[in-house]
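Visitor: Residue numbers (this note's numbering), protein chains in the order written: chain P, 1 to 193; chain D, 1 to 193.
This list has only true hints and no planted wrong ones.
Given that identical chains are not distinguished, each listed pair holds provided it fits within a single copy or across any two copies.
With a straight-line cut-off of 27 Å between C-alpha atoms, the simulated DSSO-like cross-links for lysine-lysine are:
{"no.": "1", "residue 1": "Lys112", "residue 2": "Lys84"}
{"no.": "2", "residue 1": "Lys98", "residue 2": "Lys141"}
{"no.": "3", "residue 1": "Lys84", "residue 2": "Lys69"}
{"no.": "4", "residue 1": "Lys141", "residue 2": "Lys103"}
{"no.": "5", "residue 1": "Lys84", "residue 2": "Lys98"}
{"no.": "6", "residue 1": "Lys192", "residue 2": "Lys157"}
{"no.": "7", "residue 1": "Lys112", "residue 2": "Lys102"}
Simulated from the structure, these hints should not be mistaken for laboratory data.
What follows is each chain in one-letter form.
Number of protein chains: 2
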Amino acid sequence: MPLGLYDGVKRIVEKAHSLDLPVIMDCKINDIGYTNRVENYFNAGFDAVIANPFVGWEDGLQPVFEVAKEMNRGVILLVYMSHKASWEGYGQMIYDSKTGEKKPQYVAFAEKALAWNADGAVVGGTYPEKIREIYAILKGKVPIYSPGIGAQGGDVKAAVSSGARYLIIGRAITLARSPGEAARFFRDAARKS
Amino acid sequence: MPLGLYDGVKRIVEKAHSLDLPVIMDCKINDIGYTNRVENYFNAGFDAVIANPFVGWEDGLQPVFEVAKEMNRGVILLVYMSHKASWEGYGQMIYDSKTGEKKPQYVAFAEKALAWNADGAVVGGTYPEKIREIYAILKGKVPIYSPGIGAQGGDVKAAVSSGARYLIIGRAITLARSPGEAARFFRDAARKS
Chain P
1 MPLGLYDGVK
11 RIVEKAHSLD
21 LPVIMDCKIN
31 DIGYTNRVEN
41 YFNAGFDAVI
51 ANPFVGWEDG
61 LQPVFEVAKE
71 MNRGVILLVY
81 MSHKASWEGY
91 GQMIYDSKTG
101 EKKPQYVAFA
111 EKALAWNADG
121 AVVGGTYPEK
131 IREIYAILKG
141 KVPIYSPGIG
151 AQGGDVKAAV
161 SSGARYLIIG
171 RAITLARSPG
181 EAARFFRDAA
191 RKS
Chain D
1 MPLGLYDGVK
11 RIVEKAHSLD
21 LPVIMDCKIN
31 DIGYTNRVEN
41 YFNAGFDAVI
51 ANPFVGWEDG
61 LQPVFEVAKE
71 MNRGVILLVY
81 MSHKASWEGY
91 GQMIYDSKTG
101 EKKPQYVAFA
111 EKALAWNADG
121 AVVGGTYPEK
131 IREIYAILKG
141 KVPIYSPGIG
151 AQGGDVKAAV
161 SSGARYLIIG
171 RAITLARSPG
181 EAARFFRDAA
191 RKS
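Assemble the whole structure, with the sequences as input and the hints as a guide.
Guide: Written out as structure tokens, the structure reads:
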């Protein structure tokens, strides 16, 4: 059920901020610059947005990065997603348009995360081997956020030990009998990893 | 300004339907299946959604197509976008994962539009040569929708004569001094093309 950006969503954002927690809009932006309208999310209080680098720079993500910089917010790029078909797009082999080199799409995306000074890179917690490979490119300059822990089968220890700095956990907490207990469980597991 | 899906947006949808016009949600879906929640758009009255084939099939667009079929609505796939950086993603050269063949990304996307029985393909009106090339693959089995006419520099005649069946026109109408007059202008230009 949609909550309304300046209504239910804004109240959740304010609650999180009152607990000193940052909030990220996982909107997977992939439209033309004019339409992305990222300032709406930032005006509603979000500290960062997630965007798809597939859309490219000029008239695509460039205005998103510019608005974010101006408003002192973050842009996190999708580098490898958590779902089963991730291999189709994120895992496909491409020719680098500059070098003519053959490489996986996610390597090109990790390189864009560095070149564009992204504030984070999303790599599915369901693919720890991809986290390791992408961490080797990002070298800690761009932190890795890993979704897919729990409901999608990702494992906390495998993701963190492969290089994930943050875990994105949805259903395994929100649909748990006791969400608070589930959240504490994952926090403790991450600390021990 | 966000209007709220079941509030302002729904009123626009109802107004369009009262004039016998279909409405398409240009949300450029590119999330995992569980999160796409396309039924919300259909429940709000939309006749079709636009999705990014880059997300892939399994646990990606498969549930979107399934829900659409169940609810008798449409799914339109992005094949080549209208903005300047479209070459970066949609125009990149890839290796086909099945055949090992080297081809442009948009050719692979057009082939997915056919294989997945999409109800439409979006090809930027700013790139009539791409419309022509993609039309040659789709052969009228999947109609082409062309955005980017007007504000982004796309030309009605070039788009239609290259194979576009429908034109998506935003700012050139919405920001016109007389939107009704602008809409009639584009309609007449399309009919003459």
